[in-house]
Structures are given as structure tokens and as C-alpha cells.
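Participant: Position chain B against the provided structure of chain A, taking the given hints into account.
2 protein chains.
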Amino acid sequence: MPKVNREKKEPARAQQKAPQAEEKNTKTRSKKAGASRQVSPVKVAFLGGLEQIGMNITAFEYQDSIIVVDCGSSFPDESMPGIDLVIPDITYLKENAQKVRAFFITHGHEDHIGALPYILKELNVPVYGTRLTIALITNKLREAGILESAKLFTVTHGDTVDAGPFRVEYIKTNHSIQDAAALAIHTPEGIILHTGDFKVDYTPVFGDPIDLQRFAELGKEGVLLLLADSTNAIRPGFTMSEKTVGHTFDMIFGENTDRRIIVATFSSNVDRVQQIINDAEKFGRKVVIEGRSMVNFINTAVELGYIRIQEGTLIDVSRIKEYPPEKTVLVTTGSQGESMAALSRMASGQHRRVSIARGDVVVMSSTPIPGNEKAVAKVMNELSQLHARVIYQDTHVSGHACQEELKLIYSLLRPKYSIPIHGEYRHRHAQRDVAVAMGMQKSDTLLPSVGDVIEVCRDYCHIAGSIQAGPVLIDGLGIGDVGNVVLRDRQNLAQSGIIIVVVGLLKSSGELVSGPEIVSRGFVYVKENEDLMDDLRGLVINTVEDCAQRRITDWSKLKSVVRNTLGDYLWKRMHREPLILPIILEVN
Amino acid sequence: MPKVNREKKEPARAQQKAPQAEEKNTKTRSKKAGASRQVSPVKVAFLGGLEQIGMNITAFEYQDSIIVVDCGSSFPDESMPGIDLVIPDITYLKENAQKVRAFFITHGHEDHIGALPYILKELNVPVYGTRLTIALITNKLREAGILESAKLFTVTHGDTVDAGPFRVEYIKTNHSIQDAAALAIHTPEGIILHTGDFKVDYTPVFGDPIDLQRFAELGKEGVLLLLADSTNAIRPGFTMSEKTVGHTFDMIFGENTDRRIIVATFSSNVDRVQQIINDAEKFGRKVVIEGRSMVNFINTAVELGYIRIQEGTLIDVSRIKEYPPEKTVLVTTGSQGESMAALSRMASGQHRRVSIARGDVVVMSSTPIPGNEKAVAKVMNELSQLHARVIYQDTHVSGHACQEELKLIYSLLRPKYSIPIHGEYRHRHAQRDVAVAMGMQKSDTLLPSVGDVIEVCRDYCHIAGSIQAGPVLIDGLGIGDVGNVVLRDRQNLAQSGIIIVVVGLLKSSGELVSGPEIVSRGFVYVKENEDLMDDLRGLVINTVEDCAQRRITDWSKLKSVVRNTLGDYLWKRMHREPLILPIILEVN
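Here the protein sequences come in this chain order: A and B.
When we follow the numbering used here, the leftmost residue of the first sequence carries the number 1, and every step to the right adds one.
When we follow the numbering used here, the leftmost residue of the second sequence carries the number 1001, and every step to the right adds one.
If we strip away everything but chain A, and leave its shape as in the complex, we get (with noise of 0.2 angstroms):
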């Protein structure tokens, strides 16, 4: 079991101490990582994390230790029809289950967190990660079932977590979550600095800025590996503080104090809310929560004391109508146009309690995460045409670092190799050529892809194999039973359907008993083409009599001359390629 070091120096954050330490260690930082030389690289292994939404997973191994940073889930895309959620393959890890010590989380988003029900099942190690992060990691694991058997452990900026020979370090970051952290993975072979996800903001709404001394201090020590996000390293310049944000509200609550407000935003953004609720308290509004995800996390801020709340400020959705329209505000889910969040049903009109009425100020607080932007805009068309007035300029900032962040970064740490992470390979490339126009070496930057194994050490870095990697899908209950012949022929089916054709053949002589019966989903109105069908079924009842008498009864064959008639049947006269099943039932 590895042990929580707590930071000794700022006693001022002593406060944030986890109620589940175990052990003081008093040991400077450096020493462990001064320690004596080992021979053998610390490896990096890949198993997400390489692209920009999800499935962030990257585990370090150095001789009989693995320790892994975050488990992430992703959304399906749109090669991935009725895919729920995607999650990490981890058969490296379980085949080296033994080496396993830690899980280490930097922040609580689905990307990061949303995998660990899953693969806690098979592989329950400790889980160490900062309060708000251990929280919706507790929340997450209780609606699994397992929270009973987790190891989840409380760790505060600073503290060091030793795990086998790695020491990880938490350092504060600034991201569009709370609690963010960069960790600092002290080895045998140097210091590994992964930033998660992070931005650099100097006011941040609750808490402290990113702890650039430390990020400095590290620098000094002498860094050797950097992996950092790459989200916005295409984006030259610096992402503003979520506190600009703060201005816009001011304006827009200050512009419509006789509107209803009604704001979205993602649900795991306590700070954006936290404003939106400084200025309701300012302009004498109640404040409604609405949408799951939103109340929850709402919930476990607030109990956390990440929030401040006057009393009498929140009320419930079904009082709202108690009060003025323009003395309420709505925090809502459904900034992304997700079909079933409170939003989208109040845009179509199938949210029970609320309904959209002339006048009301609706704020799109987000920006569409790429992919969603037909989404976003469908939802704000029926948001107009329902009479509400739609806002959506400079109401949102980004959690992520940008060119100018980045090369903070860089010059802070001076690391000896760097490897971007979080990103395409664009975003990836981008971050390179940041770090190359900072003075590295391009070849000391490298741009791995998910399942390639990295060794790292004082004398190199390099790629230097590759593991089982990949994506996981979740179909329902089913973990991993949908692949890639699945998901194609869903694919090919939502194309151009299907047609099954069923004849009953006699087993000694293939002569055909009954049927044809042709039904098909998906391909034509049936009803409306008859003729067609009637075609096909002659098309059928010749090519089955012509092999009987041809007397072939192996039925492989058969059904293969009747797909290919049917085929080019129709690829004739309608230029479609609907998927064709023949079926055979054999009568004695």
C-alpha cells in the first residue's frame, strides 16, 4: 500500500489535509528522486490519452512497479452507432496485475474518472486523488455498486504519495474543474512532470492559482520527462480567467433584470455556477438547479464547501413558479445540445416543470465540443422560435492552456524530453512546435500513438515497443462484445438496410417447400413496391429450382448464388446494396 507523504511547509493548508492519512513522511522531496542510480528506464506506456476528448490512461512502470495516472472514459463517435461509452483496454495491465500499485487521478472529469467503475472491477488498487476528485469518484463507484471495496484515498496540493520506488507528487493546477492537479513522478531516473489537464489562471473563483513556484522549484531540480495537455496548443496567445466570464454575467443579469435567466453550462464547472449565483444574490434572484448530473455535482460541491451559497437562495424546481420569472435564474444542463438533458426538453417542449417562455434570456454558457455543433444549433433554433432571446458570446472561457501557457510552462521546468499529451496529433504537433521554438530538440519531443511503450531515462527517450491498447465499447451491459464486424454491419445496415430471404428445402433434394418470404428493414416502403418484391421472390424461386436441379445441396452455395442474384438484381435497377441474408430451413 503506498503512503501519503502531507505537505510540511505552508501550514496554512493544513486544513485540506485528508482525513484518510495514514503516515507523516518527513522527507524532503528530492531525496527519494536523488536516490541511488538504477540502470533499468522508467517506461511509459500508453493506453489513451493521445486523443482530444476521453479515455485519458497512461501508466509508468519501472522493474516490479506500475503505477498508472487517471482512467478516463470517452464518448462513441459517429463510426460507433449504439455505443453508450468507451473505456480504456487495459489487458497490460491485467496481465501484469501483481506490479499494479496505484491509481493517481488528476481531476474529476468523465475523461479522466469515468473508466474506474469498470476497471476497478478487475483491478482494485488504490485510487488517490484530491477531495472534489475522490468525491465524484466516491459518487461514481456508490451508483456502480463497488464503493464498498474501493481503496479511495484523500490527497491535498502538495502532498507526496510514495508507491514503489515512484514518488507522486500533487501540485495545484487551474482547470475548468476544481481541485485539478499536476503530478510530479519522482523516479529513480528523474522527475516525470504530467500536468493533466490544466490552464494558468492568477484569479482564479475559489481557490489559489496554479503553483508556478513549485512548477519553477522542479525546473531548478532538473525535470527529465514533461508530458503536457495539448488541447488548445494550436491556439496561440493565453486562455482567459474563468473571471472574464464573471463580467459578461454581470452584463447580461445587469441588461435584463425584468427577464427570466436561464443558464447552461457543463455541470462539472462549480465556478461558472458559483458566478452565476454571486450575481442572482446580487440581483435578488432564486436560483434554480436543474438537470441530473447538474444537482448532483451541485450537491457534492456545495457539501464540500466548494460553493457558497447564501441560505434562502436556492429553491427547488417546483417552486419556481412561486416567484416572478425575473426573480429566477435556471442552472441547466444541455449546453452541448444533448438530446436529453433539461435543456433540449425545454427547447422542445417536453420538460415537465418548465416551459420556455417570450422573453426569457437563455445563456449557451459553453462552447460545442466538436461534433455537437449541429446539436448546439438546433436546440438554440427552437430556443428562438419559441421567442426566447439566445446568448452565447463571451459567455464561456476554456480549461485549457494555450501557446503562451505552454511556453510558460516549458521555460518554468526546462524538461530534458517532452511528450504531449491530450490532443490529436494536431494539437499534439502543435505543442511540439512550441517546445522546439522554446530551444529542445525535435527529437527530444516525441508524438507517440495509444499502445506504444516509451523508456525514459537519464541518457534517452524513445519509443521502444508497444502493448494491447485500444478502445473498449460498452453496448448496454455488454463490456467489449460489440467489435468491429459489429459495428460495420451496423453501419452497412443504417446504409441500406437489409433483406432476408427464407425458403423452406426439402433436405434430400433441395427442393424448395415453402416460401419465399422476403422481408426487409430499412430498404423500401414495402407497401409502396409490391412489384418489387414480387420480382425478387421470381428471383428467388428460379435460382432455387436451378440448383435443385442442378442438384446442389450444399447449402453455403446456395445461399450465396441467391445473395449475389439478388445483388446485382438491384444494384441494376435501383443502384442500392442493401445487406442480403438468405436463410435456409431444411424440411425432412
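Keep in mind that the hints were calculated from the coordinates and are not lab data.
By construction, the Cβ of each residue, glycine as well, lies at the ideal position given by its N, Cα and C atoms.
Treat the hints loosely; a few may be bogus.
Example chain A residues on the side facing chain B (calculated, C-beta under 7 angstroms, incomplete) [to be verified]:
| # | residue |
| --- | --- |
| 1 | PRO81 |
| 2 | PRO370 |
| 3 | MET380 |
| 4 | ASN381 |
| 5 | GLN385 |
| 6 | TYR425 |
| 7 | GLY476 |
| 8 | GLY515 |
Pairs of lysine to aspartate or glutamate, EDC-like flavour, derived with a Cα cap of 20 angstroms [to be verified]:
| # | chain 1 | residue 1 | chain 2 | residue 2 |
| --- | --- | --- | --- | --- |
| 9 | B | LYS1507 | A | GLU511 |
| 10 | A | LYS572 | B | ASP1084 |
| 11 | B | LYS1559 | A | GLU517 |
| 12 | B | LYS1374 | A | ASP77 |
| 13 | B | LYS1507 | A | GLU517 |
| 14 | B | LYS1572 | A | ASP481 |
| 15 | B | LYS1416 | B | ASP1444 |
| 16 | A | LYS374 | B | ASP1077 |
| 17 | B | LYS1282 | B | ASP1250 |
| 18 | B | LYS1572 | A | GLU143 |
| 19 | B | LYS1507 | A | GLU586 |
| 20 | A | LYS507 | B | GLU1511 |
| 21 | B | LYS1527 | A | ASP481 |
| 22 | A | LYS374 | B | GLU1078 |
| 23 | A | LYS378 | B | GLU1078 |
| 24 | B | LYS1557 | A | GLU517 |
| 25 | A | LYS559 | B | GLU1517 |
| 26 | A | LYS507 | B | GLU1586 |
Facilitator: Relative to the frame of chain A, chain B by itself:
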């Protein structure tokens, strides 16, 4: 047959006169418009054109005459799997075929001409357009094999065409394709001005700026109704001149004299291609035009003199290897990430003649159309992985008017009524906000839906009724044979796949004599789920036997029991809902 009246005022334009000119008409414009007062209003029927992209088509009806402006197609959205193209439902026009005088086309983009090959087959009336527009329609109709029978007429900006009680005047505008026009439709009730797609470009690359003087003149005369492009109405400010993109290209060519340059853009944006060619000639590079639609477009533009290329600048793609890379430019399709376009094939290494090489500069000279963001990102990632340098900033300007341009048009025309067109509801709503800010009454600006019919005359403008209208889906050679039921089946098949259950039953008793055969597609990988299939077979046998004992020989009843039994089982076991399709073969 409508008559073309040639513009007399500006002899400099006489050279642009169409060869098809039939008869001169020297009446001044205002005469007809000021003709004796008619009591009946003009009807404006929106058969399409109220969405952002596509299917632009509007009918104007006065007593026994109908004219139609534009005849566009649109692309299927994600709710229409397998659909190739979407065209408008013209039932209303067919029912009133004897009234329909002509199509007037504003410009040659697909969303304004794409449905002509289908619709002229059903309604072969004259089609009017400017020179490039008619040339592009000619190409389309030739491909569709109906050019011979089509009645195409070329007009020049400034010309008017008489069509029954309507006189249609072509007015020069600017857009992302050359030869775009606004239409002043002179009716007995007053002037209706249809902007088509437009922007205000004071310094166009080719030809004249928009004819603001004529807009002002018509405004003085009095405009009854304005139908204006809303695509960019949510954007403040002014759309930049196409020439500004030329400056960016100057810079890119100047900075990359040692590298090959590949530019992807819309094939219809001939001015963009002209600017690339200008730079190629300035910097001594050969130009390769690649991608079928790009080659077609540029050929047509060259033939008509809409593009100026020095002798020897263009080379065929097969000769590209004869020149050093830094002495060539490729201009290609695929800027929207279309999977079959030339750039995508280059990026994925599947282009027969062009391989992306380390250091190639690839310029993405377009903005992703909503819905294409992820496809564009995919191509950019692939290009980065091949070590190309991808440039996309400041390499595109829109072809549509922003708010300040709309204000200019409203202030020149001062219409009595207005109907924002060409945009999603929120875009049209934003144009209404502009109109109201310019002093119009909100009630004088209408926001109809597809299928609505407006009545407009000197005294009023209101929604008076509706007609059958909407999308007709084209799948292969089938037009309209895929409807909502089939689409819903396709969506369901994609979500969870299909399970087909076939049983052979004795006709008399319902006794199971063959099967059950259970086949699935898109459900699970069967080979790894044999036990599940066994369970399903067992369930079917039990259900069928149970029904036989209960003397149920109503097959539809039996099917429904099988469907429900398996459905319940699968939901409980795996939380999935595949389409379950029982098929019964009767055996004597």
C-alpha cells in the same frame, strides 16, 4: 415563353449579352411595375430555402402565373443514413404545372441548382441565369442526359425577363462564386427583391462590385418586399473582401519558396483559385488542378474567360514529378474533409498520383460547414502525421453578408415588408433583429416555415396558408421511395442491430417442424456468444410449443409473443433492444 429584355443604359455591358436573346424590349422598368392596379395579392410559396444549406426554391404566384427562383438540392444530415441527396417536394408546382412560366436561378451553387436535373424531368420550363450559372447547369443536365430537351437562357446583369405578369431583373451582386445575382421581381403589386446569396465586396477579384446604385434606385422607386440572405446575420460587422485572402496567399507563397504548396478549397470558388494562380505565376510555380469537380469547374471557368491563366502555367497531375516540388502548387478538392475527395485520398495515402511529403505546406482554404468539423480535423491530423505543415488561419472569407452589409441593403432598399431567407431559424431571427434596429415594424418582418404561403400586396403581408413541401430523399436511383419509416428502421438497425428468428411450423397445428434458426447482424459477435444464442433458441422453442399447446395458430399473435419474450430477456440480460424479427414458414 418569357422574353429577355436587354439592359440599354450601359453600352459597356453589351458584350455580355446572351446569344439566346430573343426580342428587345425598350420599356422602362417602372412602366410595368406601375401598371394598372390589380386586386389580388402575390403569393410567395416557400418550397425550401429556409435552412442554412440547401434546397433553395421559392415560388412567386400571381393569378395564372408562377415563377420559381432557384432549384437547389441539399446534403443528407445524420438522421438520413444511406441517403445520397435531398431535393424539394414540388407537388404544388406539378399540380399547377400549366401556370409555371420559368425558373430564375440566382447563381450556380448546388444548393441553388442541384435539383434541376430531377425537377426539369417533371416540369420542363425555361431556365434563366447568368453566363457561368447557365454553363454549370449545362454541365449538370448533360451528365443527367437531359440537356437536349432543356430550355436554358443566358441573361446578363441589368437584363430583365418578362414572364406573364412578372418582370424579373438581374442585378449584380458578389458571392463566393462568380456571376451571382439578386433578382428584382417587378409585380403588379410592387417590387419584390430577392438577394440570392450575397455579400458586399467593393474590391472583387473578378468583375464588378455589387450594383449598389441599382439597389438604391429600386429603393427610391419603392420596394414592397425584401427576401434577403440570413446565413451570416448572427455575425456583427462586415465580411472581408475576397482580396484579403489573396494577401494571405502572398505571404504563404513568400514564406515557403522551398516547399511544395497544396491548397484545398471549394471547387466553385473560381476567384480563390485565380488568386492562387496569380501567386503561382508570380513565384514561378506550375499549377496542378486536382479532383474531379475542381477540374470541371476550372475548365468551365477557363472556357468562359472567368479565370486568367498564362500559357504553360497549368500542368497535368501526371507531369507533376517532372518539376521540383517547390516549383509546383496543387489546387485540390477536399477542404471539407469529404472522404472521397482528392485531399482526403492524399492524406490517407490512397491518392494514385500525389503522395504527401515531409515539409509540404497544405493550406485549408475554407471553413468547415457545420457537421463537417470532425471530418476536417481527421484530414488535418493525417496530414500532420505525414509531416506536412497545415495552415488554416486567415485563408478563407465567407461569401455571405454580415450584419453591417444587411443594414446597408435595408437602408438602400427601405422595403415595406421583409422575409429573411437562407438560414436556420436563429439566423433569420437575427436578420429580423437587424430590420427592427433599422426601424421596421417587427410585424412587417415574417419568419415563415417551409410549406408556408405568404400573401403580399400594397396593403398587407401575411402567412395565408400552406402547401405540401419538404425534402424528397434520393437513395441510389430511387427518388422518394425512402421515407420516415425506412429511415427510422435504419436508425434502429444502426443502434442495436437485428435478430432474425425463423421457425418452420406445421400449418395445421402450429407444431415446430424446423428451426428455430436464429441469425443476427449488428448485435453481438456470435462466435463469442454461443451460449446466448443457445438461450435464445431455447426460449423460442418453449414459446412456440407453449403457443401450439394453447392452439394459437394466429401467426401474428405468435410472432408478437416471440418478439416480446426475446425482447424482455435481452433487456434484462444485457440492457439492449435489437430489432427482433420473427419469420414463420408454413409447412404442410
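Participant: Does each hint fit the structure? Answer for all of them.
Facilitator: The hints, checked one at a time:
The criterion of a C-beta within 7 angstroms of any C-beta in chain B is met by A:PRO81, whose closest approach is roughly 4 angstroms, and the hint holds. Nearest Cβ of chain B to the Cβ of A:PRO370: about 5 angstroms, under the 7 angstroms cut. The hint holds. Because the closest C-beta pair between A:MET380 and chain B is about 5 angstroms apart, less than 7 angstroms, the hint holds. A cut of 7 angstroms between beta carbons decides the hint on A:ASN381: the least distance to chain B is about 4 angstroms, and the hint holds.
For A:GLN385, the suggested interface contact is upheld, since its CB lies about 5 angstroms from the closest CB of chain B, less than 7 angstroms. At a threshold of 7 angstroms, the smallest CB-CB gap from A:TYR425 to chain B is about 4 angstroms, leaving the interface hint in force. A least Cβ separation of about 3 angstroms between A:GLY476 and chain B falls short of the 7 angstroms threshold, and the interface hint therefore holds. Contact between A:GLY515 and chain B, as hinted, is supported at the beta carbon level, the nearest pair being about 5 angstroms apart and thus within 7 angstroms.
Restraint check for B:LYS1507 and A:GLU511: satisfied, since their Cα atoms lie roughly 19 angstroms apart, inside the 20 angstroms limit. Proposed proximity of A:LYS572 and B:ASP1084 is supported: the alpha carbons are some 17 angstroms apart, at most 20 angstroms. For the given pair, B:LYS1559 sits about 15 angstroms from A:GLU517 by alpha-carbon distance, which is consistent with the 20 angstroms threshold. At most 20 angstroms may separate the alpha-carbon atoms for a hinted pair to count; B:LYS1374 and A:ASP77 meet this at roughly 10 angstroms.
A C-alpha spacing of about 15 angstroms is found between B:LYS1507 and A:GLU517, which places the hinted pair at or below 20 angstroms, so the restraint holds. Restraint check for B:LYS1572 and A:ASP481: satisfied, since their Cα atoms lie roughly 16 angstroms apart, inside the 20 angstroms limit. Taking the CA atoms of B:LYS1416 and B:ASP1444, the gap is near 7 angstroms; set against the 20 angstroms cutoff, the hint holds. At most 20 angstroms may separate the alpha-carbon atoms for a hinted pair to count; A:LYS374 and B:ASP1077 meet this at roughly 10 angstroms.
Using a Cα cut-off of 20 angstroms, the hinted pair B:LYS1282 and B:ASP1250 holds, with the two alpha carbons roughly 9 angstroms apart. With a CA separation close to 18 angstroms, the supplied pair B:LYS1572 and A:GLU143 stays within the 20 angstroms bound. With a CA separation close to 16 angstroms, the supplied pair B:LYS1507 and A:GLU586 stays within the 20 angstroms bound. Distance restraint check for A:LYS507 and B:GLU1511: the Cα-Cα separation of roughly 19 angstroms lies within the 20 angstroms cut-off, and the hinted pair is therefore satisfied.
A hinted pair counts as satisfied when its Cα atoms are at most 20 angstroms apart, and B:LYS1527 with A:ASP481 qualifies at roughly 10 angstroms. A distance of roughly 10 angstroms separates the Cα atoms of A:LYS374 and B:GLU1078; the hinted pair therefore holds under the 20 angstroms criterion. A threshold of 20 angstroms between alpha carbons decides the hint, and for A:LYS378 with B:GLU1078 the separation of about 13 angstroms falls inside it, so the pair holds. A distance of roughly 18 angstroms separates the Cα atoms of B:LYS1557 and A:GLU517; the hinted pair therefore holds under the 20 angstroms criterion.
Among the hinted pairs, A:LYS559 with B:GLU1517 is consistent with the structure: their alpha-carbon atoms are about 15 angstroms apart, no more than 20 angstroms. Proximity of A:LYS507 to B:GLU1586 is assessed by CA-CA distance (about 16 angstroms); at most 20 angstroms being required, the pair is judged to hold.
The structure agrees with every numbered hint stated previously.
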